[in-house]
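Asks: Here are the chains, one letter per residue:
Protein chains: 2
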Amino acid sequence: MVKIKIICHGGAWSIPDEAKEKSLEGIRNAARAGIEVLKNSGKSEDAVVAAVSAMENDPIFNAGHGASLTRDGTVELDSMVMRGRDYSIGAVAALRNVKNACQVAREVLDSEHTLIVGPGASEFAKEKGFEIVDDSELVTPYEKAALEKIRNYGTGVESIFKAGDAHDTVGAVAFDGDGFACCTSTGGVTFKRPGRVGDSPLAGSGGYADGGAACSTTGHGEGITKALLAHRVVWGCGADQTRASKAVDDALDFMKTEIGSQGGAICLTRASYGVGFNTKRMPWCYISFDTETEEEEILVGIEPESLQQRDIPEITVIHH
Amino acid sequence: MVKIKIICHGGAWSIPDEAKEKSLEGIRNAARAGIEVLKNSGKSEDAVVAAVSAMENDPIFNAGHGASLTRDGTVELDSMVMRGRDYSIGAVAALRNVKNACQVAREVLDSEHTLIVGPGASEFAKEKGFEIVDDSELVTPYEKAALEKIRNYGTGVESIFKAGDAHDTVGAVAFDGDGFACCTSTGGVTFKRPGRVGDSPLAGSGGYADGGAACSTTGHGEGITKALLAHRVVWGCGADQTRASKAVDDALDFMKTEIGSQGGAICLTRASYGVGFNTKRMPWCYISFDTETEEEEILVGIEPESLQQRDIPEITVIHH
Chain P
1 MVKIKIICHG GAWSIPDEAK EKSLEGIRNA ARAGIEVLKN SGKSEDAVVA
51 AVSAMENDPI FNAGHGASLT RDGTVELDSM VMRGRDYSIG AVAALRNVKN
101 ACQVAREVLD SEHTLIVGPG ASEFAKEKGF EIVDDSELVT PYEKAALEKI
151 RNYGTGVESI FKAGDAHDTV GAVAFDGDGF ACCTSTGGVT FKRPGRVGDS
201 PLAGSGGYAD GGAACSTTGH GEGITKALLA HRVVWGCGAD QTRASKAVDD
251 ALDFMKTEIG SQGGAICLTR ASYGVGFNTK RMPWCYISFD TETEEEEILV
301 GIEPESLQQR DIPEITVIHH
Chain B
1 MVKIKIICHG GAWSIPDEAK EKSLEGIRNA ARAGIEVLKN SGKSEDAVVA
51 AVSAMENDPI FNAGHGASLT RDGTVELDSM VMRGRDYSIG AVAALRNVKN
101 ACQVAREVLD SEHTLIVGPG ASEFAKEKGF EIVDDSELVT PYEKAALEKI
151 RNYGTGVESI FKAGDAHDTV GAVAFDGDGF ACCTSTGGVT FKRPGRVGDS
201 PLAGSGGYAD GGAACSTTGH GEGITKALLA HRVVWGCGAD QTRASKAVDD
251 ALDFMKTEIG SQGGAICLTR ASYGVGFNTK RMPWCYISFD TETEEEEILV
301 GIEPESLQQR DIPEITVIHH
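Protein chains in written order, with the numbering used here: chain P, 1 to 320; chain B, 1 to 320.
Pairs count within a copy or across copies, as identical chains cannot be separated in the list.
Calculated pairs, DSS-like style, for lysine-lysine (alpha carbon to alpha carbon, straight line, at most 30 Å):
#1 K126 <-> K144
#2 K144 <-> K22
#3 K149 <-> K128
#4 K43 <-> K256
#5 K149 <-> K126
#6 K22 <-> K43
#7 K149 <-> K99
#8 K99 <-> K39
#9 K22 <-> K3
If you are wondering where the hints come from, they were derived from the structure by calculation, not from laboratory data.
Just chain P, with the same shape it has in the complex (with noise of 0.2 Å):
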């Protein structure tokens, strides 16, 4: 038996009740991407891009279209993708005028390089032939009211941060078999000023994958910078391969009490997924496939409660 599998998230924040359902729609149409990719003997590495592309393309998620729009008005987009196998990374940060960062993020991953940043990321885009897009092409209404709102009732980044419901980034995390791969993808928060660069881009915050595990991770930027976020849970999955969720949940644990701030990771290992989070509301989707029975595994949530779904074993799980 071969179990090839992703899980998707969609940004931990507190999303208010009529985005849900798009949400939801959202998140498993990145998952099935993602799954698909896996189906045609792709590697973990190209079912995460495919999955955050899929979120990046769809407004109802911040990041690529309907990114978060900077002081200024413009679009910064910060991604990263790494793959367990070699520890290859491949990230971006403060790119503008690129529709997929995550793309332009894998393609530094096939590179001598693990980071490029701003005006020098945007022409490391152009000459691998991506196309540069106006930022009215990734601007939102619903964006450009938020920013709007900002300014006009003067609160300022700082209490966006601390209202702990900053609209957030996107991440996936995939095992094709062999190796594990994550990807992350976010246009930060709003009215960011221009060259501010969360946890997404970075290794060991925003993402992180080994030959045993994988993590995405989701929240406040700067508190999963201080806790090396992802690092921490790839690591706590070192000690036992079966509860992925444990991990999660030290690592989000220790970054609420030592740091005060608040998030999201999914996960995976060879033998289990986790997902956590303890803001409102996360999209998250979990679809595994066996390549010898051909049954599929979907698992989906974005409340609280959903959570409780983790604790199904996978070895006992109910195919559909």
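Start from chain P and add chain B according to the hints.
Replies: This is chain B only, laid out in the frame that chain P set:
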């Protein structure tokens, strides 16, 4: 007894014979600048910035004045400061036109952000009152020649990395009797593409600090980022606070074996200090000062043989 201490490194690479004496002089000056801050009741995070500023201003080291040049002949600086007490981070990457990147990073630490990159970082520095300088004030004949050599021989970035002798990074770690801090700063590698960021400004890679230890790293930036070298060292110290050098060695061994990259690291815990490198040379200097007896200890080295000094347990150090 309260023992305050600082340890500095001036980069792990194939330092040529003719640069040895000046490197040793520079590393002593840096450690001296840092310990003076601690003696005057300064905090760890200010002591490491004083030490690193001294190295940034010394053209024998590759940071600030004397930084490696990009393929465009420009100077782009990366630096990070981290305070272990509260996990605060301040970092800048691809910063242009400022003399001391570590001092800008120190300002970011006091802001609501952790990392600011590219033109946004220069803008932040300007807002904070830093002098904006022309590249010509930071460029040395040595670095101009290094860039021309690479261009003429057409070896490119990859061969530089493979030779394992990239002109590298500086860093410092301090303990003020209460908490830890680390600081790392670099101009990156010669002929880097604009926007390329290595490990130095990334928490967990170029440095990390928590309540019990701190670490600064140097070497192949991409390899250090994949290994999350600094987080690995600090994590290793948690297991045995008396053997910081073992934590350093284990992490460097992991990076060499798993990633195929070389480098060096320095580290402090309450009970020990660690220094290690698997490159040809790395200048390092450790100074501790007992605030009651006013006894000071200085250890300094650059050759691999100097690492034997590490094995003197702190409890039996010979005071100078």
